[in-house]
Amino acid sequence: MKDYTFNSKEFYEALNTSELIGSRCQDCGSYAVPQRRICPKCHSENVEVVRYSGQGKLVAYTVIFVPPVMMAETGYDAKNPYCVGIVELDEGPRISAQILEVDMDQPENILIGTEMIMDTITRADGENKETFLAFKPIN
Amino acid sequence: MRRSKWSRGVALVGAGMSKFGVFNDLTSRDLFVEAYLDLKKSIDKDFDPDSIEAFYLGNFSSDQFEKQAHLAPIIASWVGLSPISSVRVEDACASSGVALRQAALSIASGEYDVVLVGGVEKMTDLPIAQVTEALATAADTQFEIPAGFTFPGFYAAMATAYLAEYQAEREAFFHVSIKNHENGALNEKAQFGKTILDIMESKKARAVQKGRIVPEWKNELEFLRDTKANPNIAWPMTLFDCSPVSDGGSAVLLAAEDIANEFSDSPLYLIGSGQASDGALPDRHTLTHLPAAEIAGKQAYEMAGLTPGNIDLAEVHDCFTVAEIMATEDLGFFQKGEGWKAAMDRKTSRFGVMPINTSGGLKSKGHPVGASGLGQVNEIWKQLHGSAGERQISGNPHIGLAHNVGGSGQTCVVNIFERRE
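As given, the protein sequences belong to chains A and B, one line each in that order. In terms of the working numbering, the first sequence has 64 at position 64, counting the first letter as 1, and numbering is strictly consecutive. In terms of the working numbering, the second sequence has 322 at position 322, counting the first letter as 1, and numbering is strictly consecutive.
Any given hint could be a false lead.
[Unchecked claim] Derived pair list, reagent style EDC-like, types lysine to aspartate or glutamate, alpha-carbon separation capped at 20 Å:
#	chain 1	residue 1	chain 2	residue 2
1	B	LYS228	A	ASP119
2	B	LYS203	B	GLU222
3	A	LYS41	B	ASP278
4	B	LYS228	A	ASP77
5	A	LYS57	B	GLU201
6	B	LYS228	A	ASP105
7	A	LYS9	B	ASP283
8	B	LYS210	B	GLU188
9	A	LYS57	A	ASP119
10	A	LYS79	B	ASP226
11	B	LYS228	B	GLU201
12	A	LYS57	B	ASP283
13	A	LYS41	B	ASP283
The set of hints was computed from the structure by calculation and includes no laboratory data.
Model the full assembly from the supplied sequences, consistent with the hints where possible.
Below, the structure is given as structure tokens:
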């Protein structure tokens with residue numbers, strides 16, 4: 001497996017191989033995602049890059065009916081909305097991601113606390129094809 | 001107990017603003033000139049522009065909106081103030097609230113005695129999709145925006161966290177919108193100077209005129225619940241939960257406390273000021289509050305030697321309705337989890353125990369992002385001088401607070417003003 005560095009762009013490089021990376025402070029034990037060279041909790045530089053299990057729970061979400069250009073180009077609009085949210089990983093830190101396989105027609109039925117597992121989603125085609133982080137309910 | 005480290009006090013001696021709205025034929029400099037001339041009118045004694053020693057301009061992104069960076073010296077020149085020091089301050093939607101604080105610090109330090117503070121944003125030249133793209137650059141474009149977030153989306157996500165944590169009712173958000181439109185209807189500078197009831201009635205009238213089926217909304221809540229009239233933008237934030245895209249300029253004049261009376265018989269004193277920052281939304285320990293707002297508020301209260309109960313009115317950053325509810329808790333006006341009830345009980349109306357956004361707020365007054373912070377200060381100026389006309393609150397208010405947020409809470413600045421008898 002590749003040894004990723006703290007270069008923030010490598011977060012997406014890892015995501016291309018379906019790996020979710022971040023960092024763990026070897027002094028205070030706290031985790032961060034994406035990876036941080038300096039621990040945001042205790043300022044320590046004694047930090048290592050880690051791979052996450054990719055499991056967590058949904059802590060906030062929204063269903064977007066008026067998409068930004070990037071998402072509109074992917075085919076989303078008011079009739080085909082998408083969900084984006086914040087997931088708290090089992091290891092502790094939180095990250096923004098698109099949320100898949102939830103009921104966009106009844107946003108009120110999407111439940112905070114739902115257990116989630118990491119997935120990826122590609123947008124655009126050909127040379128512009130890019131991989132982004134997504135999560136979906138475990139069940 | 002006052003804990004100011006400022007070496008001298010700072011006073012507000014005048015405040016002005018342009019009308020906020022959509023002005024196809026005006027640019028940033030035109031909007032600012034309008035605000036500056038309005039400011040001059042508000043100064044009740046002789047005012048010599050040559051006494052201004054420095055200029056701080058809050059502006060989020062003239063580079064994206066108008067392809068004009070380096071805006072402060074241009075604007076300074078346009079109002080005849082070259083060659084004074086001119087600095088553009090950028091902290092997204094908090095730009096002019098932060099500019100005011102920076103200007104105040106420059107006076108408190110002893111460097112300057114008289115400083116002009118401005119705010120301006122000309123947003124409506126671009127098509128709406130590009131405006132959205134430009135605003136998105138106030139968020140983390142490497143890790144938040146690629147997830148699919150939009151600005152309404154950030155606040156909508158906080159809203160879902162808030163609704164879940166406090167078992168709150170979603171319709172509390174509608175009450176914020178209804179109240180702010182009621183206030184904005186009494187503000188001649190407001191972009192949407194109409195109550196939601198009026199908007200509803202005019203839509204009914206239009207349906208009659210065009211021979212269409214007339215919607216059966218009985219009141220504002222029924223109107224707001226109808227997704228045809230009030231579509232979802234980022235659930236649970238609807239169109240009427242969102243502040244608009246706007247053009248506008250605002251300006252205030254600050255002076256050292258000991259010379260304030262040379263400009264005004266009734267200056268306001270900047271008795272408390274605080275500012276804090278934060279990481280992107282996922283980096284915070286809570287999603288139901290803005291930690292930066294709590295910290296900035298606490299700093300401002302400590303400096304002023306006041307508690308939330310001492311504040312007579314507040315202009316808070318209601319870029320989205322949920323933001324107003326969170327702000328009223330972050331600033332300590334209501335307990336955590338009680339802000340939504342206060343909104344539903346109309347405790348934040350002009351006649352309530354804690355009047356919030358008597359100007360109409362960003363929701364109704366408009367949100368030309370770089371100008372909004374000083375737009376708030378304009379309302380404090382008017383209310384504390386008893387010159388807010390029909391929307392004037394009773395009780396001879398003498399302490400007002402302005403709460404200005406950048407992004408989804410990465411920046412928050414709180415300034416407290418006092419009128420002394």
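request  = List, from low to high, the hint numbers that the structure doesn't satisfy.
outcome  = 1, 5, 8
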